[in-house]
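Trainee: Following the hints, position chain B against chain A.
Taken in order, these protein sequences are the chains called A and B.
In terms of the numbering used here, the first sequence has 40 at position 40, counting the first letter as 1, and numbering is strictly consecutive.
For the numbering used here, add 1000 to where a residue sits in the second sequence, where the first one is 1.
Worth flagging that the hints you see were computed from the coordinates, not collected in a lab.
Be a bit skeptical, because a hint or two may be false.
List of simulated lysine to aspartate or glutamate pairs, DMTMM-like, C-alpha gap at most 25 Å [as the list claims (entries may be wrong)]: (1) B:K1394 - A:D71; (2) B:K1492 - A:E26; (3) B:K1492 - A:D52; (4) B:K1394 - A:E26; (5) B:K1275 - A:E41; (6) B:K1290 - A:E41; (7) B:K1042 - B:E1003; (8) B:K1275 - B:E1144; (9) B:K1275 - A:D39; (10) B:K1082 - B:E1165; (11) B:K1290 - A:E79; (12) B:K1290 - A:D71; (13) B:K1041 - B:E1697; (14) B:K1275 - A:E79; (15) B:K1290 - A:D52; (16) A:K11 - B:D1286; (17) A:K47 - B:D1378; (18) B:K1082 - B:E1190; (19) B:K1153 - B:E1003.
Simulated DEER-style distance windows between Cβ atoms [stated by the list, open to error]: (20) B:E1136 - A:Q3: 38 to 44 Å; (21) B:V1607 - A:R51: 50 to 56 Å; (22) B:T1234 - A:T22: 20 to 26 Å; (23) B:A1315 - A:T22: 49 to 55 Å; (24) A:Q3 - B:A1200: 50 to 56 Å; (25) A:R51 - B:L1603: 56 to 62 Å; (26) A:N68 - B:P1667: 53 to 59 Å; (27) A:N13 - B:A1162: 44 to 50 Å; (28) A:R51 - B:A1200: 48 to 54 Å.
In this text, all values refer to a predicted model and were calculated from it rather than measured experimentally.
Quick reminder that beta carbons are idealized off the backbone N, C-alpha and C, glycines included.
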Amino acid sequence: MEQTTGLRQLKVNCRARIRRITAQGELGRRIRDMGLVPDTEIQVIGKAPLRDPVAIRLRDFTLTLRNNEADHITVTVLECPDV
Amino acid sequence: MSEKLTFALAGNPNSGKTTMFNALTGARQHVGNYPGVTVAKKEGLLRVDGRDVRVVDLPGTYSLTPYSQEELAARNFLINEKPHAVIDVLDANTLERSLYLAVQFLELGAPLILALNMMDEVRRRRMTIDTAKLSELMGVPVVETIARDGEGKEALIREAVAYTEANRGKTEPLRLSYGRDIDAALDEMEPLVKGSGLLASLVPARWVALKFLEGDPDIIAMSQRDKALAAALTSIADRVAAHVRRTENTHPESIIADHRYGYIAALLREGVVRKDTTAENLRLSDRVDKVVTNAFLGPLIMLAVLYGMFQLTFAVGEIPMGWLEAFFGWLGGVAEASIPEGLFQSLVVSGVIDGVGGVLGFVPLILVMFLCLSFLEDLGYMARLAYILDRVFKLFGLHGSSVMPFIVSGGIPGGCAVPGVMAARTLRSAPERLATILTAPFMSCGAKVPVYILLIGAFFPEAAGNAMFALTLGAWAMALLVARLLRGTVIKGAATPFLMELPPYRIPTLRGVLIHTWERGWQYIKKAGTIILAISVLLWAAMTFPSLPDDQAADFEARRGTIQAEMDAAAQAGAAEEALAAFEERLADLDNAQAEEALRNSLAGRVGTALEGLTSLAGYDWRTNIALVGGFAAKEVIVSTLGTAYSLGEVDPEETDSLSARLAADPAFGPWTAISLLVFTMLYAPCFVAVVAIAKESSWGWAVFSMIFNTALAFGAATLVYQVGTRL
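Looking at chain B on its own, in the form it has when it is part of the complex:
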């Protein structure tokens, strides 16, 4: 037989499940989404003894009564797709708690295999686990593994195949006793569910009854398909609930959980685990945490880590960024040389290569940033950050877990809001998640940084470092304040419980860090290749058409001809090289003046000019307006567009000295205009790619909201700054 087998890899977060998945499948992975939810679904293929095996990495869960989208997705996969085996990866160090999930798999009747992971740590702690005994007591295969170095993975997968062949998809659900009251209710409910046939082909009838007693909203909603049954089950559940409240002052869910833990405790008491308690005093992780989460040192270490990361990102990221820029520069040159001059050349060079190249140029920076983040995350430091900052974030209606999305988005300058918005998935409750998603784009992403550098360089060159720092802090302050505002008005809702595991520090594996980095980086690259490409072309068109009227173009042509003629004459007369260079310069100036005039005449220029009436309140003229409109596509476009508008021709976002000088020399562009523009850039609508990400993670309604609300906020703040500032 050669039927393809499907194995689900399940387990608690931090159990090493993903490491095991990577060890099993290597690079042969594929990331998709679970139907209807934004939960990533990873699967990989492998061949075992001539059989194809599909391994699906389920989201980490603590329980099968779903609490988050991830947990619901995991459960629905088990119920609807009925994998041939469920491999539960357990952190053997915390066997007792980890088995809580295993027991729930058994209640569901899933064909379960236990992978006792992190056995190296268990041995180091001088703890022994009698796996044979555990296997015998629980009636399922148990394999010892160390996922980090792949130990036990072959045994695990072979055991799973053998187990699948032996049970042929038939496993008996575990019938646990939950005490007299609950058992009696289950006995009464089970035949009713059987009689109705509700979910009959998918789950055991007793399990449906159990979930009813636990008050599982999903299963209760599903049972409404059979109204009579739902009414009968509800009445039994209510009766039991009233009874246990009267007699024991508790709830059925508590009793059920107590009995599950009781069952596990009884198992372990049979001599499965033996530990040398002298080694148990204070683990290394706890000792480290005494320092890392210390009231004084904790925040200092946090700032040092973030600052170090920022430095590293720019120091290391700069190098390949230079290579990429050189590459796109070369590509542009090649295109310019090989395509005849005209609209098509302009489209390819200015629209496609410059647009996409501008975005892809940031890839190295972002990859280095994500490398640091993945390292800190796998190390366990991110959980500490959430722990340290939760109290502050709670004040603003957010959650300790909002820290991560903020940092990825550019909480340390240089991130990107697209993966930042996606990183908000770890937040459990919808209101906090939404508030995080909507405020993360205020952070100083890698595309805003060149804009900041340009303006700071032009107006505050002596205080560049401080100005950048102030912008970074300003972004955090605005994100928190706006989150507070949103949570108090449009996104009200209860706070999510913080209850989180603080995983022990573990040195990350190189492979794990690389895979995580790539996953985040790829989200960014994919966007650059698709949406940014389309936007670049559109923007190019808006800035090119309609072209200059013929008479104006002819006028420029005539003036160019005059200069050319004078230059030719001078060359004939044997003029010095400097004199010829002066002619060249006048030609270039003329070209740039024509480009400025053409831009002003284009659709974008007309929009910019039309907006002048309004935006002059914040101190912007038509040039700045076009740049800001272009910034909707990607913030770094602001720099290149300002370059064209100030008739400098092409301006490299990295080499903004000449543009800085030109801006500083413009009498209409004062320091308060610069500050106003900095504020506006920080706050206004997320770039289009981030808007699409927001729409995917929440809804188009909220994405549109973020565009309008942020732009209004930015305009209000910038106007305030400009009006107050210029009157001082």
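Isolated chain A, as found in the complex:
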């Protein structure tokens, strides 16, 4: 079943596919430059001790971003092994 959610809501170890990115300007450019574009597959691999920022894996590297930056990214969940 296709389930769309914000990247922030994604739990650790979940895999998802990016649907939409709503950020513009500098943040939008930075997000794209780091390889976050629609259809990219990502996996949440960890969260910092205070649950923010979050570390995700995509295109063979690890990227960290803050929750309020993740809010600009909508994903469809592919698989959540722990849930």
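Mentor: Then chain B, alone, in the frame of chain A:
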């Protein structure tokens, strides 16, 4: 032909670009600055098949649409200096993302060569990359390298020379398709740019059009040179933007980025990369991170690392520090012996050798500290620290990347604010960078440590460790609180996105760590040799002139003569050695009393006395005032000046026992005076060298601000502590 070739070394951060640069150029490097910005520009020279090649290490970038000063500097270098070849160093493990930058080089028409770096890791992961195919598909030479052990560097540089000779500076820009809407707009804009001749000799016309659609502020500003063209391009760009928003609910920049990634995905799908997905489960780095960034263990490990570093710095740094002190002591002795007594001797010994020696004495400590930091940085741990602490720092208007400047400045006692302020360059946004630069000097730098040790030793000897710890924490708390205050008032502005790569852990190379350590250490040494020298001389003059009035000097001379005469008489009478020693002591006491009187009479003493009215609120008398004024030059001067002011003669900052005892015995100098002085030392104006660094990294306005604001803050806090404390 023997024209000197210029190669630019470009690539993502963490791609091993700097390691490759070090491997290529060895020690023949030279660090400068890009014009107008505080971005370090490293270049090196090498000879390949009889040709001179200049290699320029560009700052690490993810994109050619500049986002930071570094990225802008890198792009401007490519555009304005047109290097003969651009060597893009890619981490072959993350080929897909790394090629995003490569595609942008091709759009610009740069003569590109790809260095697929870290091939050892790729092979270990049982991944194969068909370099020949990649080269054929992208139309550029591709060389496999392992920068850490230099593998492939000769092939790379030879390939670059051959490529340069073959294309003779002519390379066709890549004409990518970005979909119908964008392509149509580009077709319309390209002839307009060509017709106007804007940037014609530097970049392809289509590239200018593309940057317009991407909303590149720099290129849009430049196009204002031709107002008519700018208006026409803007109207086309606005039209396309409105159209794609209506039809696809997106922006032109997104469409362009999507097509670049689409182009790369299509390339890679042709069978360039093959990987054994069974080996892909969880990489070692990720497994380590499960522990290192764990909610409970993460902060504990962080504290353990920082504490270990602090211990190591002092345990190892002490040894060569002792040698240096002995050396400067010896040098002072030699100067004293070989220069006839008088003002000139005093200038050389007290002004130059003591002043510069005091600062250079800290070099070993700082080098060991930087060695640890460079190791942690190259290992990838610093990125984890930023990740762990970002949430906290964000609360105070700072950024996870502010951690590094804070630690270098003395977040662990023993750093130095000068390289600390420079380390703030990695911060992207101006407000956070400025707030970091202005608050980093609160940390317990290596020069404040002797002052702390002196006062703690005098008044709280039984709680020395705890007191030092409290001062360290206090410095962090003050830095964060002041950052919050500044960010809420004088330096408002949006937060920088955190988006950062968490590079895999990599064991640093010895050479890399040494080079990084030296770069930071050299910034410090250079300052000691120039600015500190000048300040030391000035300070010496302020503490020497005007000299004691003749009648007072004569009075001291007469008393000395009396003691000398009594001593001679006693010696004639065959007095015991102890009795003679007592005379010696009285002579020394007299000398010290004269030194104190002379200091009080000097310009610095008069300033100190004049300030007494105000500073008595915080519990300071004229002696402390002079010491604090001297501390503007370098904080350790506080100790040596207090020594003179308390008529102890020369006081070695490392051997402060006698001064501690003297302070503790002074009835006017109570424990609350000591606490007040500790608070003041922590907070007041950065030393002059740090002020110059702040001015260079921001502006003189902010540097002056930091002097006035910090001193006012320090005085307010110290007065509060003293007034409340003494009334309890």
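Trainee: All the hints need checking, so say for each whether the structure fits it.
Mentor: Results of checking the hints against the structure:
1. B:K1394 - A:D71: holds, 17 Å
2. B:K1492 - A:E26: holds, 18 Å
3. B:K1492 - A:D52: Holds, at about 23 Å.
4. B:K1394 - A:E26: holds, 18 Å
5. B:K1275 - A:E41: Satisfied, since the Cα-Cα distance of roughly 17 Å is no more than 25 Å.
6. B:K1290 - A:E41: Given pair B:K1290, A:E41 holds - Cα atoms ~21 Å apart, limit 25 Å.
7. B:K1042 - B:E1003: holds, 21 Å
8. B:K1275 - B:E1144: holds, 17 Å
9. B:K1275 - A:D39: OK: B:K1275 and A:D39 at ~20 Å, within 25 Å.
10. B:K1082 - B:E1165: Distance of about 15 Å is within 25 Å: holds.
11. B:K1290 - A:E79: holds, 20 Å
12. B:K1290 - A:D71: It holds: about 24 Å lies between the C-alpha atoms, which stays within 25 Å.
13. B:K1041 - B:E1697: holds, 15 Å
14. B:K1275 - A:E79: Within the cut-off at roughly 22 Å; holds.
15. B:K1290 - A:D52: holds, 15 Å
16. A:K11 - B:D1286: At roughly 16 Å apart (the allowed maximum being 25 Å), B:D1286 and A:K11 satisfy the hint.
17. A:K47 - B:D1378: holds, 22 Å
18. B:K1082 - B:E1190: It holds: about 21 Å lies between the C-alpha atoms, which stays within 25 Å.
19. B:K1153 - B:E1003: Holds - the C-alpha atoms of B:E1003 and B:K1153 are around 21 Å apart, at most 25 Å.
20. B:E1136 - A:Q3: 38 to 44 Å: holds, 42 Å
21. B:V1607 - A:R51: 50 to 56 Å: About 53 Å separates the Cβ atoms of B:V1607 and A:R51, which means 50 to 56 Å holds.
22. B:T1234 - A:T22: 20 to 26 Å: holds, 24 Å
23. B:A1315 - A:T22: 49 to 55 Å: Holds - the Cβ-Cβ distance for B:A1315 and A:T22, about 53 Å, lies within 49 to 55 Å.
24. A:Q3 - B:A1200: 50 to 56 Å: Given range 50 to 56 Å: holds, Cβ gap about 52 Å.
25. A:R51 - B:L1603: 56 to 62 Å: Since A:R51 and B:L1603 have Cβ atoms about 58 Å apart, the given range 56 to 62 Å holds.
26. A:N68 - B:P1667: 53 to 59 Å: The hint (53 to 59 Å, Cβ to Cβ) holds, given that A:N68 and B:P1667 are roughly 57 Å apart.
27. A:N13 - B:A1162: 44 to 50 Å: holds, 48 Å
28. A:R51 - B:A1200: 48 to 54 Å: Holds, since A:R51 and B:A1200 (Cβ atoms, about 52 Å apart) stay within the stated range.
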